[in-house]
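2 protein chains.
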Amino acid sequence: MWYHTVFSELVNTKYPMVQAPMAGIGTTALAGTVSECGLLGSMGCAEMTVPQLYDTALTLREITDAPFNLNFFAHSEPDNYHQVDSVLIETLTPLYEKHSLPFPKVPLSAENTSFTEEKLKAVLEIKPKVISFHFGLPDTHALDALRNEGCLILCSATTVDEAVYLEKRGVDAIIAQGWEAGGHRGSFKVDNSDAGIGTMALVPQIVDKVRLPVIAAGGIGDGRGIAAAMLLGASGVQMGSAFLGCPETALPEAYATAIRQALETDTRLTRGFSGRPARAQQNLYTRSFLDQSFKLPNFPLMYEYSEPLIDVSTANGDDKYAYHLYGQAASLNRGLPAAQFIEGLINEVNKLLNR
Amino acid sequence: MWYHTVFSELVNTKYPMVQAPMAGIGTTALAGTVSECGLLGSMGCAEMTVPQLYDTALTLREITDAPFNLNFFAHSEPDNYHQVDSVLIETLTPLYEKHSLPFPKVPLSAENTSFTEEKLKAVLEIKPKVISFHFGLPDTHALDALRNEGCLILCSATTVDEAVYLEKRGVDAIIAQGWEAGGHRGSFKVDNSDAGIGTMALVPQIVDKVRLPVIAAGGIGDGRGIAAAMLLGASGVQMGSAFLGCPETALPEAYATAIRQALETDTRLTRGFSGRPARAQQNLYTRSFLDQSFKLPNFPLMYEYSEPLIDVSTANGDDKYAYHLYGQAASLNRGLPAAQFIEGLINEVNKLLNR
Numbered sequence: 146m147w148y149h150t151v152f153s154e155l156v157n158t159k160y161p162m163v164q165a166p167m168a169g170i171g172t173t174a175l176a177g178t179v180s181e182c183g184l185l186g187s188m189g190c191a192e193m194t195v196p197q198l199y200d201t202a203l204t205l206r207e208i209t210d211a212p213f214n215l216n217f218f219a220h221s222e223p224d225n226y227h228q229v230d231s232v233l234i235e236t237l238t239p240l241y242e243k244h245s246l247p248f249p250k251v252p253l254s255a256e257n258t259s260f261t262e263e264k265l266k267a268v269l270e271i272k273p274k275v276i277s278f279h280f281g282l283p284d285t286h287a288l289d290a291l292r293n294e295g296c297l298i299l300c301s302a303t304t305v306d307e308a309v310y311l312e313k314r315g316v317d318a319i320i321a322q323g324w325e326a327g328g329h330r331g332s333f334k335v336d337n338s339d340a341g342i343g344t345m346a347l348v349p350q351i352v353d354k355v356r357l358p359v360i361a362a363g364g365i366g367d368g369r370g371i372a373a374a375m376l377l378g379a380s381g382v383q384m385g386s387a388f389l390g391c392p393e394t395a396l397p398e399a400y401a402t403a404i405r406q407a408l409e410t411d412t413r414l415t416r417g418f419s420g421r422p423a424r425a426q427q428n429l430y431t432r433s434f435l436d437q438s439f440k441l442p443n444f445p446l447m448y449e450y451s452e453p454l455i456d457v458s459t460a461n462g463d464d465k466y467a468y469h470l471y472g473q474a475a476s477l478n479r480g481l482p483a484a485q486f487i488e489g490l491i492n493e494v495n496k497l498l499n500r
Numbered sequence: 146m147w148y149h150t151v152f153s154e155l156v157n158t159k160y161p162m163v164q165a166p167m168a169g170i171g172t173t174a175l176a177g178t179v180s181e182c183g184l185l186g187s188m189g190c191a192e193m194t195v196p197q198l199y200d201t202a203l204t205l206r207e208i209t210d211a212p213f214n215l216n217f218f219a220h221s222e223p224d225n226y227h228q229v230d231s232v233l234i235e236t237l238t239p240l241y242e243k244h245s246l247p248f249p250k251v252p253l254s255a256e257n258t259s260f261t262e263e264k265l266k267a268v269l270e271i272k273p274k275v276i277s278f279h280f281g282l283p284d285t286h287a288l289d290a291l292r293n294e295g296c297l298i299l300c301s302a303t304t305v306d307e308a309v310y311l312e313k314r315g316v317d318a319i320i321a322q323g324w325e326a327g328g329h330r331g332s333f334k335v336d337n338s339d340a341g342i343g344t345m346a347l348v349p350q351i352v353d354k355v356r357l358p359v360i361a362a363g364g365i366g367d368g369r370g371i372a373a374a375m376l377l378g379a380s381g382v383q384m385g386s387a388f389l390g391c392p393e394t395a396l397p398e399a400y401a402t403a404i405r406q407a408l409e410t411d412t413r414l415t416r417g418f419s420g421r422p423a424r425a426q427q428n429l430y431t432r433s434f435l436d437q438s439f440k441l442p443n444f445p446l447m448y449e450y451s452e453p454l455i456d457v458s459t460a461n462g463d464d465k466y467a468y469h470l471y472g473q474a475a476s477l478n479r480g481l482p483a484a485q486f487i488e489g490l491i492n493e494v495n496k497l498l499n500r
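So the sequence lines, in the order shown, correspond to chains W and Z. So that you can map any letter, position 136 of the first sequence is 281 in my numbering, and since no number is skipped, the others follow by simple counting. So that you can map any letter, position 213 of the second sequence is 358 in my numbering, and since no number is skipped, the others follow by simple counting.
FYI, nobody ran anything at the bench for these hints, they're computed from the structure. Possibly wrong hints are sitting among the right ones.
For chains that are exact copies, the list does not tell them apart, and a pair is met inside one copy or across any two.
For lysine-lysine, the following DSS-like pairs were computed, each having C-alpha atoms within a straight-line distance of at most 30 Å [as the list claims (entries may be wrong)]: (1) 496 to 159; (2) 274 to 334; (3) 440 to 465; (4) 243 to 266; (5) 354 to 274; (6) 465 to 334; (7) 465 to 250; (8) 159 to 440; (9) 272 to 159.
Please work from the sequences and hints to get the whole structure.
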């Protein structure tokens with residue numbers, strides 16, 4: 146069967162399919178159901194406090210005994226708390242004034258979204274079957290500790306070089322994240338060097354250069370995408386936007402509407418929300434950042450400028466400044482409960498690959 | 146067999162595979178061999194004179210009796226012969242001065258690369274099995290005349306809307322050109338509206354919205370890509386960069402070296418060469434256009450600024466200003482003669498799809 150792969154064997158799931166962690170969007174109801182259905186459910190934990198981490202794991206384990214994945218961001222500390230580019234101020238001041246919002250003051254502050262020592266300690270106690278990282282990896286001490294507790298380590302790569310680096314650091318599988326993917330690009334560096342490699346091109350080129358199992362991500366929305374990714378040489382797939390149509394995700398109404406009406410042309414990569422490139426619905430807010438030649442506060446400091454405006458759109462239920470992350474194949478979502486959606490996916494791939 | 150599709154039946158080839166037309170790069174030796182091997186060989190004819198068109202068809206018919214495709218650009222006349230943005234002049238003057246080149250003078254001039262009445266007349270006499278268009282379609286009078294002579298009409302689409310428009314205009318098949326593809330984007334409009342849809346996301350979304358056969362293009366470099374595209378719902382594939390490794394292509398040495406050493410991260414979309422977005426190797430020249438907020442001369446007038454510098458690199462055999470078009474999966478090329486390369490491709494897909 147197509148679904149017996151080195152990856153499904155490694156993580157001990159029936160299907161070699163990962164539900165993408167979607168920090169701030171995903172729910173334990175979704176991840177738990179997905180894991181219970183034989184896929185790898187994931188929780189985006191980057192923005193969680195330590196008590197929330199324990200709660201999340203507890204809730205997941207009430208739903209399922211199956212393996213799940215906790216996802217974290219591995220990023221360096223922002224270094225520009227005190228400097229703000231005057232062009233950024235000029236760009237955002239009219240929007241702040243229009244909504245009578247106080248303009249953020251330096252020094253900027255942000256929640257610590259990196260993989261701190263206290264989060265590591267919690268994960269070592271929780272012992273998830275899988276932990277995955279985005280933006281690169283934490284230090285060797287953390288990786289060794291996780292391995293010693295039996296956690297499998299996954300990380301995203303957006304280029305062949307990043308994949309080769311991850312293999313050298315000893316991860317267990319690589320998520321090849323193509324240009325089409327919604328949410329944050331996993332690219333290690335934030336500069337102008339991102340070539341934006343599409344999934345169709347990225348997967349076989351990574352597969353050829355590493356020995357590890359490769360999970361294809363980006364633009365995979367239904368059974369056709371899963372089957373295609375497997376034939377590209379992937380050992381599994383990761384899907385995010387496809388699950389945004391599931392009622393378990395519990396999206397705010399404006400976001401749910403955006404997903405129901407999604408078009409392939411809706412989204413753009415923007416640094417305007419967090420400081421790092423993320424694929425989100427293009428709107429009034431992201432259009433102000435089309436020319437990104439000016440320097441933005443580093444991830445995640447930029448949220449201090451975007452969040453007050455995001456809140457305006459949330460309150461009004463509109464899209465103007467909304468932070469609606471999704472990928473280029475989001476239109477393929479079915480709007481079905483997760484279990485039913487997954488059953489349909491598996492049937493589609495069975496038909497395509499077991500002829 | 147996977148290769149019996151509505152598309153291979155329509156164009157009467159053994160395999161549902163198109164060798165991409167590569168204006169200025171492809172050769173009759175390549176296209177003729179490809180057609181003789183049972184695929185659809187193509188010639189990029191946009192820059193040819195009428196006598197060259199007749200010569201090309203004659204040479205192809207000496208090599209093969211099989212169907213071939215003649216490709217043309219359908220674009221409106223440039224409207225800015227007389228205006229040149231001062232930022233463009235500032236950007237390029239240092240490069241022109243460095244190489245003691247005379248700076249191009251307004252009014253700009255350009256060869257007529259659009260599908261003129263005299264080119265139409267020649268094609269109606271040549272009667273190729275297939276004619277394909279890029280950047281949109283010519284007028285209804287031309288399409289009707291081509292249909293009356295029995296020519297099948299293909300055209301590229303980079304979005305669902307473009308594909309739906311092409312279907313309404315009565316084309317016979319749609320080339321779904323993904324973000325990964327080398328060379329010119331087929332997008333109809335040149336503005337900031339291109340969302341850059343990757344092949345993995347684009348193909349199924351177009352397949353769901355049109356009844357016509359869809360040919361997947363972009364990032365398809367070997368049997369894995371072909372098999373994947375077929376499972377996405379495509380009725381065929383188009384491959385360009387993969388054929389740039391074939392000796393029949395007869396690339397200049399620096400270009401051939403670039404293809405041999407290609408990395409997935411090499412290329413960027415740039416308007417700096419022709420005025421329209423094209424995926425080319427990033428170099429000193431393309432980097433000067435990273436900020437493309439200033440207005441460039443319309444396609445193909447911009448060539449008047451790029452060609453003198455391209456010629457410098459051609460003479461020096463270097464990459465600095467070179468016009469090396471290729472896609473994100475060019476590294477998968479095998480450097481084999483076309484017939485041998487094609488035989489290998491077919492074997493790979495047979496193994497992947499006929500299990």
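(Q) Cα distance capped at 30 Å. Does residue 159 pair with residue 440 within a copy, between copies, both, or neither? (A) Classified as neither: same-chain Cα gap 46 Å, cross-chain 54 Å, threshold 30 Å.
Q: Could you figure out if residue 440 and residue 465 sit no more than 30 Å apart (CA to CA) within one copy, between two copies, both or neither?
A: both (23 Å within a copy, 28 Å between copies)
Q) Is it within, between, both, or neither for residue 243 and residue 266, if the alpha carbons may be no more than 30 Å apart? A) Answer is neither: 45 Å inside a copy and 59 Å across each miss the 30 Å cutoff.
Q | Within, between, both or neither, where residue 272 and residue 159 count as close if Cα-Cα is 30 Å or less | A | within (20 Å within a copy, 55 Å between copies)
Q.
At most 30 Å between alpha carbons: which applies to residue 274 and residue 334, within, between, both or neither?
A. within (28 Å within a copy, 49 Å between copies)
Q | 30 Å Cα threshold - placement of residue 334 relative to residue 465 | A | Both. Shortest intra-copy (29 Å) and inter-copy (25 Å) distances satisfy the 30 Å Cα cut-off.
(Q) If the cut is 30 Å between Cα atoms, do residue 465 and residue 250 qualify within a copy, between copies, both or neither? (A) Only inside one copy: residue 465 and residue 250 sit 23 Å apart there, 45 Å across copies, limit 30 Å.
Q | Intra/inter-copy verdict for residue 496 and residue 159 if alpha-carbon distance must be at most 30 Å | A | Classified as both; 17 Å inside a copy, 25 Å across copies.
**Q.** Within, between, both or neither: residue 354, residue 274 at alpha-carbon 30 Å
**A.** within (26 Å within a copy, 41 Å between copies)
Violation of the numbered hints given earlier is confined to hints 4 and 8; the remaining hints are satisfied by the structure.
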